[in-house]
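Please model the complete structure; the sequences and the hints are all you need to start from.
Chain by chain, the residues:
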Amino acid sequence: MRKLYTKKLSKKDQLKDLGPRKETVQFLLNYSKALRVVETRGIKFGTILN
Amino acid sequence: MNNVEITDAVLVHEYMQGNEIALSKLINRHQHRIYSFIFSKVFDRDVAEDIFQDTFIKVINTLKRGKYNEEGKFLPWVMRIAHNLVIDHFRRNKRMPKFDNSGDFNIFSVLSDSDLNIETQIIKDQIENDVKELIKELPEDQLEVLTMRIYKDMSFKEISERTGVSINTALGRMRYALINLRKIIEKHNLVLTN
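Chains as they are written, first to last, in the numbering used here: chain A, 241 to 290; chain B, 11 to 204.
Note that these hints are calculated values from the structure, not bench results. Incorrect hints may appear among the rest.
As the list claims (entries may be wrong) - On the chain A side, residues computed to face chain B include the following (Cβ under 7 Å):
#1 P260
#2 V265
#3 L269
#4 S272
#5 L275
#6 V277
#7 V278
As the list claims (entries may be wrong) - Subject to a maximum C-alpha distance of 25 Å in a straight line, what follows is the list of computed DSS-like cross-link-like pairs (lysine-lysine):
#8 B:K83 with B:K68
#9 B:K142 with B:K104
#10 A:K284 with A:K273
#11 B:K68 with A:K284
#12 B:K35 with A:K273
#13 B:K77 with B:K35
#14 A:K273 with B:K68
#15 B:K77 with A:K284
#16 B:K104 with B:K77
#17 A:K273 with B:K193
#18 A:K262 with B:K51
#19 B:K68 with A:K262
#20 B:K134 with B:K35
#21 B:K142 with B:K197
#22 B:K146 with B:K167
#23 A:K273 with B:K74
#24 B:K35 with A:K262
#25 A:K273 with B:K83
#26 B:K68 with B:K104
#27 B:K74 with A:K262
#28 B:K74 with A:K284
Unchecked claim - Label-pair distances were calculated between CB atoms; the ranges are:
#29 B:D54 with A:E279: 23 to 31 Å
#30 A:K284 with B:Q131: 53 to 61 Å
#31 B:S50 with A:V277: 27 to 35 Å
#32 B:E129 with A:K273: 51 to 59 Å
#33 A:K273 with B:I16: 45 to 53 Å
All residues carry an ideal CB built from backbone N, CA and C; glycine is no exception.
This is the structure:
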């Protein structure tokens, strides 16, 4: 029934105000904070700190 | 003069120097554009979310390793990463198509679980036991061929070598075994189906 009574948005409208979830952005910021790059003998290692 | 926007290049430089807030500003500034771009290609929010996340993980890894060069602009560079990940996604899906159940069509309505449930398994076992009892009523030569063919999975060539008869004789005995088995089933009014 929902399909009958709700207006279907056009593709253009659907793309408006689209954004990632807050959790995704927060995950990326946390990932960035936890990531440390250590260079040993010219090789760079990425480590994730808890 | 606080209204002057800090350029992407400055924020990238600050981030590479260890300023985590700079990354937050960069993501906030470009998230809608990048996400919309990805979504316009994949038309699936979850997939778009995954690709958006993977895009920025690549961005973070590259910047933290100091591999980013300022030859190009930040946004086109991120868009290119996102574009490549979208292509990877479609390549992967071409090899392994994904069916989602968001629409009217439900894939599980045409796919069934081929495993038997407990009830049908019990019935199947009973039928197999009944058949084992029934074939004991067959003449010895027919019983021998049928047992070798069905239960021991031997070829007619192997059966003929083992029993010392020609392949045609073995085939004939098998045919008569099945005919006689049907007669026995009809005679006893047995139903041997699931």
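Hint-by-hint comparison with the structure:
no., hint, result
1, P260, "5 Å, holds"
2, V265, "6 Å, holds"
3, L269, "6 Å, holds"
4, S272, "5 Å, holds"
5, L275, "6 Å, holds"
6, V277, "5 Å, holds"
7, V278, "10 Å, violated"
8, B:K83 with B:K68, "16 Å, holds"
9, B:K142 with B:K104, "48 Å, violated"
10, A:K284 with A:K273, "17 Å, holds"
11, B:K68 with A:K284, "15 Å, holds"
12, B:K35 with A:K273, "14 Å, holds"
13, B:K77 with B:K35, "20 Å, holds"
14, A:K273 with B:K68, "14 Å, holds"
15, B:K77 with A:K284, "11 Å, holds"
16, B:K104 with B:K77, "32 Å, violated"
17, A:K273 with B:K193, "79 Å, violated"
18, A:K262 with B:K51, "21 Å, holds"
19, B:K68 with A:K262, "19 Å, holds"
20, B:K134 with B:K35, "66 Å, violated"
21, B:K142 with B:K197, "17 Å, holds"
22, B:K146 with B:K167, "24 Å, holds"
23, A:K273 with B:K74, "10 Å, holds"
24, B:K35 with A:K262, "14 Å, holds"
25, A:K273 with B:K83, "24 Å, holds"
26, B:K68 with B:K104, "23 Å, holds"
27, B:K74 with A:K262, "23 Å, holds"
28, B:K74 with A:K284, "10 Å, holds"
29, B:D54 with A:E279: 23 to 31 Å, "39 Å, violated"
30, A:K284 with B:Q131: 53 to 61 Å, "57 Å, holds"
31, B:S50 with A:V277: 27 to 35 Å, "33 Å, holds"
32, B:E129 with A:K273: 51 to 59 Å, "56 Å, holds"
33, A:K273 with B:I16: 45 to 53 Å, "20 Å, violated"
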